[in-house]
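K.L.:
Residue numbers (my numbering), protein chains in the order written: chain A, 1 to 188; chain B, 1 to 188; chain C, 1 to 188; chain D, 1 to 188; chain E, 1 to 188; chain F, 1 to 188.
Treat each hint with caution, since some may be false.
Given that identical chains are not distinguished, each listed pair holds provided it fits within a single copy or across any two copies.
Unchecked claim - Derived EDC-like pairs: lysine to aspartate or glutamate, alpha-carbon spacing no greater than 16 Å straight-line:
hint	residue 1	residue 2
1	K175	E3
2	K57	D30
3	K175	D55
4	K175	D112
5	K175	E65
6	K175	D44
7	K46	D76
8	K119	D154
9	K119	E66
Treat the hints as calculated values from the structure; they're not laboratory data.
6 protein chains.
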Amino acid sequence: MNEIICRFIPARIAYTGEQLHSHWAYRAHDLLGDSAVAFIGPCDVKPEFMKDVEDLKAGSRIYSEEMLHFIIEHFDVDLDRAVLRQRLLMALMAEALNARLGRPAVARRGSDLYDGDAKLTVSIASVSPVSALIHAGINISSRNTPVKTRGLGDYGIAPREFAEEILAAYAAEGKSAWRARCKVRGCG
Amino acid sequence: MNEIICRFIPARIAYTGEQLHSHWAYRAHDLLGDSAVAFIGPCDVKPEFMKDVEDLKAGSRIYSEEMLHFIIEHFDVDLDRAVLRQRLLMALMAEALNARLGRPAVARRGSDLYDGDAKLTVSIASVSPVSALIHAGINISSRNTPVKTRGLGDYGIAPREFAEEILAAYAAEGKSAWRARCKVRGCG
Amino acid sequence: MNEIICRFIPARIAYTGEQLHSHWAYRAHDLLGDSAVAFIGPCDVKPEFMKDVEDLKAGSRIYSEEMLHFIIEHFDVDLDRAVLRQRLLMALMAEALNARLGRPAVARRGSDLYDGDAKLTVSIASVSPVSALIHAGINISSRNTPVKTRGLGDYGIAPREFAEEILAAYAAEGKSAWRARCKVRGCG
Amino acid sequence: MNEIICRFIPARIAYTGEQLHSHWAYRAHDLLGDSAVAFIGPCDVKPEFMKDVEDLKAGSRIYSEEMLHFIIEHFDVDLDRAVLRQRLLMALMAEALNARLGRPAVARRGSDLYDGDAKLTVSIASVSPVSALIHAGINISSRNTPVKTRGLGDYGIAPREFAEEILAAYAAEGKSAWRARCKVRGCG
Amino acid sequence: MNEIICRFIPARIAYTGEQLHSHWAYRAHDLLGDSAVAFIGPCDVKPEFMKDVEDLKAGSRIYSEEMLHFIIEHFDVDLDRAVLRQRLLMALMAEALNARLGRPAVARRGSDLYDGDAKLTVSIASVSPVSALIHAGINISSRNTPVKTRGLGDYGIAPREFAEEILAAYAAEGKSAWRARCKVRGCG
Amino acid sequence: MNEIICRFIPARIAYTGEQLHSHWAYRAHDLLGDSAVAFIGPCDVKPEFMKDVEDLKAGSRIYSEEMLHFIIEHFDVDLDRAVLRQRLLMALMAEALNARLGRPAVARRGSDLYDGDAKLTVSIASVSPVSALIHAGINISSRNTPVKTRGLGDYGIAPREFAEEILAAYAAEGKSAWRARCKVRGCG
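In isolation and in its complexed conformation, chain A is listed as follows (with noise of 0.2 Å):
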């Protein structure tokens, strides 16, 4: 694991799933290597861009008036590591999200986090042909969601500023998952 830049993008985009897409952090941002990219703004996957089959098959629409979108690149075309560190990034949301709210309301299930029945998020983990890519994205709005959600706005929580603290505990996760494979021996 490389260092991975980060960059909250103040602008607003909307997410379609085209930025799910290799080089989209060193094109759109400049950012030259492993990359976490968090912007604001609305989401609407068109179905040539969704990724998950299930949902192609299910006909599902991934909507939301207002998120917190969150594109992570790593130049390690590993599917399998990718979908182990969409968890991680998951679980790094959940605990940030329970310790600001002082009881442990949300619960990661798999990629995604619920707070009871209502979903909080949108998550796939998919690779390039030279890079694995992750997509998170949680509520801001909880209104107009195809299914019962929750998002930031209904904790009172300020969106850039929860950004900048996932994106900063990525980054240092990914740093000491480093450390630790680095001062480990093999075992017989």
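With chain A's structure known, arrange chains B, C, D, E and F on it following the hints.
P.N.:
Chains B, C, D, E and F in isolation, oriented as in the chain A frame:
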């Protein structure tokens, strides 16, 4: 990620580090394949079995009077994945603890759990020539430990019940991660 | 090697090469994970779906009036392993055929089966961005094929029964290979 | 898969398990690179060189008065591929035996060959720190073996000639698998 | 590293970037397996075939009136190795140039060669779904290039002779690297 | 390729081969992560630490009165990449030597440097259970070596200055190779 065979071993076992060895679950408990085993016993890792070079350099003692131990083996020789899985295991423990406590008392920092400045766990991920191995121990007793600790006993949590919850959660995590990996398309 | 989900599809399907695509088994037959699917139908591979560049260069036609088809998908993007698995599949078919015939009439040469100079099969192994895929077709009819062929019909073998035997054998092979991999120690 | 250097060693060698070691072919026979070596001699594997933990647990004796042995080394540290190659080797042996016998007497089950309930072979695939290694031994004599066995002698097959046929077939398999891998396109 | 098939193509070929495609050597020149091909012709890479995103972002033109081109394909989908091999190829070119010039005029910086501030080369390493590919072009003519350049013509070096020397050196490098890999033991 | 931590160690260290061990840089010099360390001292490799089986078979002595040593560790267990990196390191040394000498006196052949028939270096690349390791030693003194040699002293080159130049060049190579890998798109 293959199906993970789970087993709580009722017999007390003193963890010395020798258990962090390929095929320990198969040799000692006849579990063939990816496995997650839990047992209760003291922890006193012999230097020759210490895998964290930082601990070796520091001459640290890895000691606890009474711990709940997890030994996990995946037949996939990839240390990066093992480190990620280890952290997910710790996240599962933190989630389970906080859910029981009803407050986010326990925080994961890297591969360890803390309650304030008290350390709850020891943990390592390593590779054998044919597999990856994880040891995680969570204190039951917090007495006579080299650093300030807390343990399941301090929270009034029954170790075996907790162990079985974590084993089931880890196996479910592995299964859902595998499903996620199998239903995603590549991206551009 | 994970558990391989096996399925014989009773409906006739014309094999055009389009089926050699990631998630075909999931999309068309709701099989999620490593899978081996068999069905009966003609074979006429469209050039845009031909994966063997040698065939493309030669302008070969991959054609049969009636074949028993196998489509296998492993969520492990390793072409070398896929080629080895493909050959084991063909070896299983040769073994099953010869056992039924009571004489070693069918010989495997690489990834194809022959009875003397008559070709019984077409076969390819490839990789998608997220998986490895194998197609193997064994003639039922040997009429009107571009080269001299023989088929299950010439041997009086019922395709569906044969298909189910091969599916079971392939799944058992995968399971026993996984067990073998999990019980061996490394060497010096 | 690189070119596989083949060599039948005329000198008798007692197989003890020590030969299943990286660079044995290079050290003992000056064969540098991927290699397949055959020789004749007794088989009596010392427990410290037994690699199958199931045998170790059972206290099995791996013994034969006279065997034809194959030691194969690939400089590719991938145990899954090694297990697949091992099974292809066994399939090649079964095919060669049945072709000689004119009837499908010999069946491969996993990594072993059987004639009815008589076992013909012992076999293992493992990895060293720099390579993958396969041992396969096929009985010449079937006397005094721990289980019911049959051997090349029972079939009137000359071991050296058989060895050279199998070595050539294994090298040809490797070459044709490599060609197959190099001429296939990816799929969607 | 398998044997690398080398070929100088006498016919002039205009390099447009389309040649950086899996199986180009096999389709166009019937070279099956790892290969290194050289030819002479202009260079004008169409944007849709530009692989360096930095060039795409900058709208760079990759242009030369006359270049000696190398297209290398390894059937090993590992971009890190491809980048290392590309740099070794460039080092081989620098060594060959300086040996001919009798002075260390040419310096390698990353994947390019320079004579003072004049650029001699363009180069890229990428991966296809089944292989890794390298293009390296060294100017023959240094006229009308977008940046200050030098070329083989300026040094009075015959391109074909130079090409054949480099092809042979690259193949020898591959062979000796493979031998080195096969004769080394692991360490602790 | 992660950031490579570089360090010249002023203390004299006798190279015995024991230093080619995982975590040597961390244990002895507190450098955690990918590292390149240089030091000065004699070279006399004990047979138990010789990693080149060709040397072991030949009973070669790897000896020099005074060498500049480089020990490089990458936490990436891939021997092919390690061999390629080793050769790039040697190319960097040859480039640096020839630039200083003002003539292309030093030629790299595989993993060694020569000045005519005089050998300047010894070098090996290997893997530990958790990393890849490279040792390269370049003679300072050329006296009393088992074969004809030349050394930095013969060229009037100050070892420490040379060491620091090479360490910086190797780290820059790693960084630019990583950037190259991160900005390239896949191809068809």
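K.L.:
All hints, please: hold or fail.
P.N.:
To see whether the hints hold, each was checked on the structure:
Both within a single protomer and between protomers do K175 and E3 lie at most 16 Å apart by alpha-carbon distance, with minima of 7 Å and 12 Å respectively. With identical chains, the CA atoms of K57 and D30 are at most 16 Å apart between copies only, with a shortest distance of 9 Å across copies and 35 Å within one. For the homomeric pair K175 and D55, neither the shortest alpha-carbon distance inside one copy (33 Å) nor that between copies (19 Å) is at most 16 Å. With identical chains, the CA atoms of K175 and D112 are at most 16 Å apart between copies only, with a shortest distance of 15 Å across copies and 24 Å within one.
Proximity of K175 to E65 under the C-alpha cut-off of 16 Å is found in neither arrangement, the shortest distances being 34 Å within a copy and 32 Å between copies. Within a single copy, K175 and D44 get their C-alpha atoms no closer than 33 Å, and across copies no closer than 28 Å, so neither meets the 16 Å cut-off. Proximity of K46 to D76 under the C-alpha cut-off of 16 Å is found in neither arrangement, the shortest distances being 26 Å within a copy and 28 Å between copies. Taking the shortest Cα distances, K119 and D154 sit within 16 Å of each other inside one copy (12 Å), while across copies they are farther apart (33 Å).
Taking the shortest alpha-carbon separations for K119 and E66, only the intra-copy value of 14 Å comes in at or below 16 Å, while the best inter-copy value is 39 Å.
Checked against the numbered hints given earlier, this structure breaks hints 3, 5, 6, 7; the rest are met.
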